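Participant: These are the residues of each chain, in order.
Number of protein chains: 4
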Amino acid sequence: MASAKGNGVALVKNIIKFVGEGGGFDKLLEKVKVVSAGEGRCLVEMVVEERHLNKGGTLHGGFTATLIDSISTFALMTRGGGAPGVSVNMNINYLKPATEGEEILIDAQTKRAGRTLAFLEVDITKKNSGELVATGSHVKFIG
Amino acid sequence: MASAKGNGVALVKNIIKFVGEGGGFDKLLEKVKVVSAGEGRCLVEMVVEERHLNKGGTLHGGFTATLIDSISTFALMTRGGGAPGVSVNMNINYLKPATEGEEILIDAQTKRAGRTLAFLEVDITKKNSGELVATGSHVKFIG
Amino acid sequence: MASAKGNGVALVKNIIKFVGEGGGFDKLLEKVKVVSAGEGRCLVEMVVEERHLNKGGTLHGGFTATLIDSISTFALMTRGGGAPGVSVNMNINYLKPATEGEEILIDAQTKRAGRTLAFLEVDITKKNSGELVATGSHVKFIG
Amino acid sequence: MASAKGNGVALVKNIIKFVGEGGGFDKLLEKVKVVSAGEGRCLVEMVVEERHLNKGGTLHGGFTATLIDSISTFALMTRGGGAPGVSVNMNINYLKPATEGEEILIDAQTKRAGRTLAFLEVDITKKNSGELVATGSHVKFIG
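First to last, the protein sequences are chains A, B, C and D.
Okay, so the first sequence: first residue is 1 according to my numbering, each after it adds one.
Okay, so the second sequence: first residue is 1 according to my numbering, each after it adds one.
Okay, so the third sequence: first residue is 1 according to my numbering, each after it adds one.
Okay, so the fourth sequence: first residue is 1 according to my numbering, each after it adds one.
Chain A on its own, in the form it takes in the complex (with noise of 0.2 Å):
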């Protein structure tokens, strides 16, 4: 629904204002630019900076997975209710080195809510080829 993902992105535009204020580790994400979300999903795209590699000159994995982290709980969060809850499990499966300056997608969607447990999914992809930099999962308990 066109109106709803519109507010989807309105949603998780002020979710990383919010969450980037004060000094805490998501003030990393505040180059993130909101692609689209809503209804459990949200698609994300940013450029790979300096301040993002590993000394190799690659994206870091740690902070693909603090992407993976993130981008999925704000998905979760677009479901109502808003509730982020807390990590129980993240898996990472890395494909593909990024480099400084390319553009990337991260696309992370609610596979399932239950309850007590919620399981996502995230692929991050290189926007101009589509190639696969990493995929991860994340549950969370949301009881």
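These are computed hints drawn from the structure, not numbers from a lab.
All clues stand as given, with none of them false.
The list treats identical chains as interchangeable, and a pair is accepted whether it falls inside one copy or across any two copies.
Cut-off 20 Å, straight-line C-alpha distance, at most; resulting in silico cross-link-like pairs (SDA-like, lysine to any residue):
id: 1; residue 1: Lys-31; residue 2: Asn-14
id: 2; residue 1: Lys-27; residue 2: Leu-11
id: 3; residue 1: Lys-33; residue 2: Ala-10
id: 4; residue 1: Lys-55; residue 2: Ala-83
id: 5; residue 1: Lys-55; residue 2: Ala-10
id: 6; residue 1: Lys-13; residue 2: Arg-79
id: 7; residue 1: Lys-27; residue 2: Glu-50
id: 8; residue 1: Lys-96; residue 2: Thr-116
id: 9; residue 1: Lys-111; residue 2: Asp-123
id: 10; residue 1: Lys-17; residue 2: Gly-56
No experiment lies behind these values; they were computed from the predicted model shown.
Following the hints, position chains B, C and D against chain A.
Facilitator: Chains B, C and D alone, transformed into the frame defined by chain A:
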């Protein structure tokens, strides 16, 4: 061996200094204190600060993942040769939250390093109580 | 391409016959029915039987893992070359139980196969409702 | 405590007998020998047989997963209360192959069991050499 361990500490201190220079993601590790290192193992400690937190006031799952990624890589690098390898898979279980001001220990071990793959495991515990905050595994390609 | 898909089905049927011979563990897959296969993908279906259950009367987590392991390996083998590779990591999320008599679909895809590593992902769903039973990722060494 | 451990062994023997009855999947565990059990831990041993192998002649990844799933569940059940819980996530790293005739030890520990979730970890090693065959983590819902 005491001297080897001492050498390991100096080595990891140099690695942390090196990876934190420039403006990459590992700058986040600058306040990590190396307790012991050598022979495929690396034990560090740090104090949880505001900038490591999620909006719920606990250690951010993405920062936890960053610690598991980076400290296990340092453990691997103490084995000689020194190459950091490339991440293939990382899995993290979140057992208990840690809050601002708490001291945590990050203990990374090389479980196996073959010709092409290294398997690393990490326990993050509260220094005072010994309680597990998170456990993780990290598979790296080192071929 | 219809003919390639057809060849894929014949190929996977032969693989299932081959791996089930002798007395190995893959004998458990003998009743799996190949729906489509080819180009790195393999879709099979089966009926949950008593011998696949845990004592709680639902699909056993170990059998779920076996399906993810084996069917993703067959998907990989449809890419040509045909080597099954060696497992490095497998991760499974259990979303919903399946019970005796239910038909399930196991859909395995090759997300990337490079020179040394292959990344595979699997969805197990209920045929009637489309609900996810489990999702899994499987990393194999193919170097 | 010797007596508690002894009770743990008897308890797990009964569990293996119980889950192996009827015609469920845990029948596969009938030849597992309980070494010690109690207080959230369970150590068993077994000999790798032909029926546990993949077509490459090594321990099947799906059977490895089954061992991790089931033995960690038995470990959890030794804590009292006795409920097996429901699997949420399982992650397995495959370090080294095991072949027919080799004796393996499966050592499962409860890392945390809270009100709703239990976190279990398992090492599978070769009895003779102590080499790791696989490591795994298992998250169960016990609420």
